[in-house]
Amino acid sequence: MPRRRIVEDSSDEEPSQSQPASQLSQSQGGGEISDQDKKVLAGNVCNYFLVSDCKKIPAKRSDIVKSVLKDHGRHFKEVMAEANRIMERVYGYKVVELEKKNQFIMINTLMMNNQDDDNLLLAPTSNSEVANIGLVTAILAGIFMSGQVMQEGPMREYLKKLGIDIDSREEHPTFGNVTRYIHQDLVRQQYLQITLNKDVEPPSNEYRWGERAHKELSKKDILELVCKVYGNQTRPEDWVAQWKIVKKEEKES
Amino acid sequence: MAEGSKKTKKKRPQEEPSAATDDAADNATDNEVADVQMSEEANKEVRDRYRHLLQTVQEQADKAGQAGVDIANIHTMVNEANQAFPAVKRPREAALDAQFLKTCGVLAKLNIESSQSNLTVFRPSEFAQKLVYFMQRDSEIKRAENEVDYASWRRFGRAVSSLFKKTIGIEPMLGALEWEKPKVVRKARVTEKDKETQKKTPTEVANAVSGEERQTEEVLRLYKILNRRYRESGNHPVCFFSFVVNPDSYPLTAENLFHTSFLVREQLAVVEEVHLLLSLFRPLLPYPLSLLINIYIFLSLFPTLSTYYISILTPFAIPLTQPTPNSPQLPSYPDSQIPLPLFHPPTPTPTGEHGIPVISPREQGQATVGGISSQCIVSISEKEWRDIVKTFRITQSMIPTPASRAKKRKS
Numbered sequence: 001m002p003r004r005r006i007v008e009d010s011s012d013e014e015p016s017q018s019q020p021a022s023q024l025s026q027s028q029g030g031g032e033i034s035d036q037d038k039k040v041l042a043g044n045v046c047n048y049f050l051v052s053d054c055k056k057i058p059a060k061r062s063d064i065v066k067s068v069l070k071d072h073g074r075h076f077k078e079v080m081a082e083a084n085r086i087m088e089r090v091y092g093y094k095v096v097e098l099e100k101k102n103q104f105i106m107i108n109t110l111m112m113n114n115q116d117d118d119n120l121l122l123a124p125t126s127n128s129e130v131a132n133i134g135l136v137t138a139i140l141a142g143i144f145m146s147g148q149v150m151q152e153g154p155m156r157e158y159l160k161k162l163g164i165d166i167d168s169r170e171e172h173p174t175f176g177n178v179t180r181y182i183h184q185d186l187v188r189q190q191y192l193q194i195t196l197n198k199d200v201e202p203p204s205n206e207y208r209w210g211e212r213a214h215k216e217l218s219k220k221d222i223l224e225l226v227c228k229v230y231g232n233q234t235r236p237e238d239w240v241a242q243w244k245i246v247k248k249e250e251k252e253s
Numbered sequence: 254m255a256e257g258s259k260k261t262k263k264k265r266p267q268e269e270p271s272a273a274t275d276d277a278a279d280n281a282t283d284n285e286v287a288d289v290q291m292s293e294e295a296n297k298e299v300r301d302r303y304r305h306l307l308q309t310v311q312e313q314a315d316k317a318g319q320a321g322v323d324i325a326n327i328h329t330m331v332n333e334a335n336q337a338f339p340a341v342k343r344p345r346e347a348a349l350d351a352q353f354l355k356t357c358g359v360l361a362k363l364n365i366e367s368s369q370s371n372l373t374v375f376r377p378s379e380f381a382q383k384l385v386y387f388m389q390r391d392s393e394i395k396r397a398e399n400e401v402d403y404a405s406w407r408r409f410g411r412a413v414s415s416l417f418k419k420t421i422g423i424e425p426m427l428g429a430l431e432w433e434k435p436k437v438v439r440k441a442r443v444t445e446k447d448k449e450t451q452k453k454t455p456t457e458v459a460n461a462v463s464g465e466e467r468q469t470e471e472v473l474r475l476y477k478i479l480n481r482r483y484r485e486s487g488n489h490p491v492c493f494f495s496f497v498v499n500p501d502s503y504p505l506t507a508e509n510l511f512h513t514s515f516l517v518r519e520q521l522a523v524v525e526e527v528h529l530l531l532s533l534f535r536p537l538l539p540y541p542l543s544l545l546i547n548i549y550i551f552l553s554l555f556p557t558l559s560t561y562y563i564s565i566l567t568p569f570a571i572p573l574t575q576p577t578p579n580s581p582q583l584p585s586y587p588d589s590q591i592p593l594p595l596f597h598p599p600t601p602t603p604t605g606e607h608g609i610p611v612i613s614p615r616e617q618g619q620a621t622v623g624g625i626s627s628q629c630i631v632s633i634s635e636k637e638w639r640d641i642v643k644t645f646r647i648t649q650s651m652i653p654t655p656a657s658r659a660k661k662r663k664s
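These protein sequences, in sequence, are chains A and B. Just so we're aligned: the first sequence equals residues 1 to 253 in our numbering. Just so we're aligned: the second sequence equals residues 254 to 664 in our numbering.
Hints should not be assumed to be uniformly reliable.
If you only want the chain B side, here are some residues facing chain A, beta carbon under 10 Å, derived [unchecked claim]:
hint	residue
1	S378
2	E379
3	A381
4	Q382
5	R408
6	G422
Restraint ranges, calculated between C-beta atoms of paired labels, are given here [stated by the list, open to error]:
hint	chain 1	residue 1	chain 2	residue 2	range
7	A	K77	B	A351	56 to 64 Å
8	A	E171	B	R304	51 to 59 Å
9	A	G147	B	H328	27 to 35 Å
10	A	S204	B	Q382	17 to 25 Å
11	A	G176	B	R345	52 to 60 Å
12	B	Q311	A	S168	33 to 41 Å
13	A	V240	B	R304	36 to 44 Å
14	B	R304	A	E201	26 to 34 Å
15	B	V374	A	S168	27 to 35 Å
16	B	K297	A	D165	46 to 54 Å
17	A	D167	B	D315	27 to 35 Å
18	A	S204	B	K362	36 to 44 Å
19	A	E224	B	Q311	39 to 47 Å
20	B	H328	A	S168	47 to 55 Å
Worth flagging that the hints you see were computed from the coordinates, not collected in a lab. Since this is a predicted model, take the numbers as computed values, not measurements. Even glycine gets a Cβ: it sits at the ideal position worked out from N, Cα and C.
Chain A extracted, bound-state conformation (with noise of 0.2 Å):
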């Protein structure tokens, strides 16, 4: 008896199964794909992107393959596309695949199209995450104002005016090991981008944005807030240079 996976959205939406792998039939020869075996596996892709999700790592390609479609590896860009279709209109998230191809990540589009104030409700941030948050978003926006690179030296400066050390192997007392953090779990959660420039004498860091970073901020919200920081009535046009990046991405997307 294949179960039944609940469904969050309206009741006209079809339920997709999700069946143990070995109940799909064999593919044929000629290489297409049976609907019914495509909404299976898509939603066994849904599930592993819901799981991988937890980490924040983005998922690869090859690791679907390997764990979901196994014999149906050749069918993975239709049934990726069938999964986020599904990602879609059941949670409203987009999965999204970065740069480096074939890693995939997923945003929140529900939050893109509801811009007033009480979008609070739909932020899924968990508990425990709050703070982080607040401290990547501090870091995010010092970057950008700065020409959207950041020095190792200015970046230190700006985080000890924060009250927090980056070399220091202290646990701090919100965030925990920070360096660890920083330079690692943010990197690897696609928000930051370090680079190490060899040209500069001692060779320090470079803070850029992460691919993450760019997909889930926009850089309007951004500048806004660090009007909001700064008060006296600043708008984001005084700042010309950043305006102008603003306006950039405004006509892209």
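Chain B: place on chain A using the hints.
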């Protein structure tokens, strides 16, 4: 030799250096000797000029502070450098020239930045400070400058989390991909436990005789004892207290009383109050089994003892005895002549007269007299029990104590 064009440009034109070198190359052979002779002094002069320019620039920069040197000043100085440059023949002086230009460039940039609207420069430390202030704005606890505490970070994080198009993963309980309904694994029953319980039950069963059965047994036992005593005493009723009270154990007394009440209820025994030393005839009282009533009367007969037994009375709510038609009138004894509680021929006494409660057995099925039944509660407290034992001089209980419950006599 090459004439530096006196252009008032900030940027040095590209032709000039090359023109200077070309000319120098052309005339090299002609004026070589002269050049060599002159070069040291000329170079020194050039160096001095550049050093002077650098110094000027530095002074200007220090004076101007953050706003940057005034453009016109920079302009002038670059011009001077322009003029000096043609004399440059060697890299050493060219390096000085380059350094000077770089400084000018930096100053010019500063000037440009500051001359535009005053907030376009993003200074991270300034932003950080403002951010800290922003986060602590709503916090009630005022902290030191650099400390943003956990709660403030959380508040900030919550406020900005709406900016993120973040997703949340779901951790499944049973596994994301392949899973089957967990099969119910039936384990073999552990039989060890059974042995233990069995061990217990035999001993328990032996002890745990059902309460009811026990009672019935006891009651019957009492009945037999009463019968025996009654016959032994020549069919005279037995003194109630002698019958019930166990001088060795108060709890057993209470039990005896309890079992006796059953006897009385089943009308296998009758409790009456009897007047001492008198009549042989003892008909049944029309009212049965009211031990209390008899006690009440007994109390009044023995006023000195009545204080002890008043407490017996208090729970009772039964009215006094009703007069019986057949009971003869008997005199009451004065206090001083308190007779011993012995087996005397019982005589029912009318209201107001007193007697000792006695109990006598009945055959089953014998009809009750009068049909009126009154009930009461009897209680004998521990103190009362001791007093009864003392008063009636009960040395041995009529109802033998069960072997398992024998206790030492409490004095």
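Structure-based check of all given hints:
With a least beta-carbon distance of about 5 Å to chain A, the hint placing B/S378 at the interface is held under the 10 Å criterion. Annotation: B/E379 was flagged as interfacial toward chain A, and the flag holds, the nearest CB pair being 9 Å apart, inside 10 Å. At its closest, the beta carbon of B/A381 sits 3 Å from a beta carbon of chain A; the interface hint therefore holds under the 10 Å criterion. Checking B/Q382 against chain A: minimum C-beta separation of about 6 Å stays under 10 Å; hint holds.
Given the 10 Å rule on beta carbons, the hint for B/R408 holds: about 8 Å separates it from the nearest Cβ of chain A. Given the 10 Å rule on beta carbons, the hint for B/G422 holds: about 3 Å separates it from the nearest Cβ of chain A. Taken as a hint, the range 56 to 64 Å holds for the pair A/K77 and B/A351, whose Cβ atoms sit roughly 57 Å apart. In this structure the supplied range 51 to 59 Å holds for A/E171 paired with B/R304, their Cβ-Cβ distance being about 54 Å.
Restraint check, A/G147 to B/H328: a C-beta distance of roughly 29 Å satisfies the suggested window 27 to 35 Å. For A/S204 paired with B/Q382, a C-beta distance near 23 Å keeps the hint of 17 to 25 Å intact. Distance hint for A/G176 and B/R345: a CB-CB separation of about 56 Å, consistent with the stated range 52 to 60 Å. Evaluation of the 33 to 41 Å hint for B/Q311 and A/S168 yields a pass: the beta carbon distance comes to about 38 Å.
Between A/V240 and B/R304 the Cβ separation comes to about 38 Å, which falls inside the hinted range of 36 to 44 Å. For B/R304 paired with A/E201, a C-beta distance near 27 Å keeps the hint of 26 to 34 Å intact. Distance hint for B/V374 and A/S168: a CB-CB separation of about 30 Å, consistent with the stated range 27 to 35 Å. Between B/K297 and A/D165 the Cβ separation comes to about 52 Å, which falls inside the hinted range of 46 to 54 Å.
Look at A/D167 against B/D315: about 34 Å separates their beta carbons, and that is inside 27 to 35 Å. The hinted range of 36 to 44 Å is not satisfied by A/S204 and B/K362, whose Cβ atoms lie roughly 22 Å apart. Under the hint 39 to 47 Å, the C-beta atoms of A/E224 and B/Q311, about 42 Å apart, fit the expected range. Taking 47 to 55 Å as the suggested C-beta distance range, the pair B/H328 and A/S168 conforms, at roughly 49 Å.
Violated hint: 18 only; the structure is consistent with all others.
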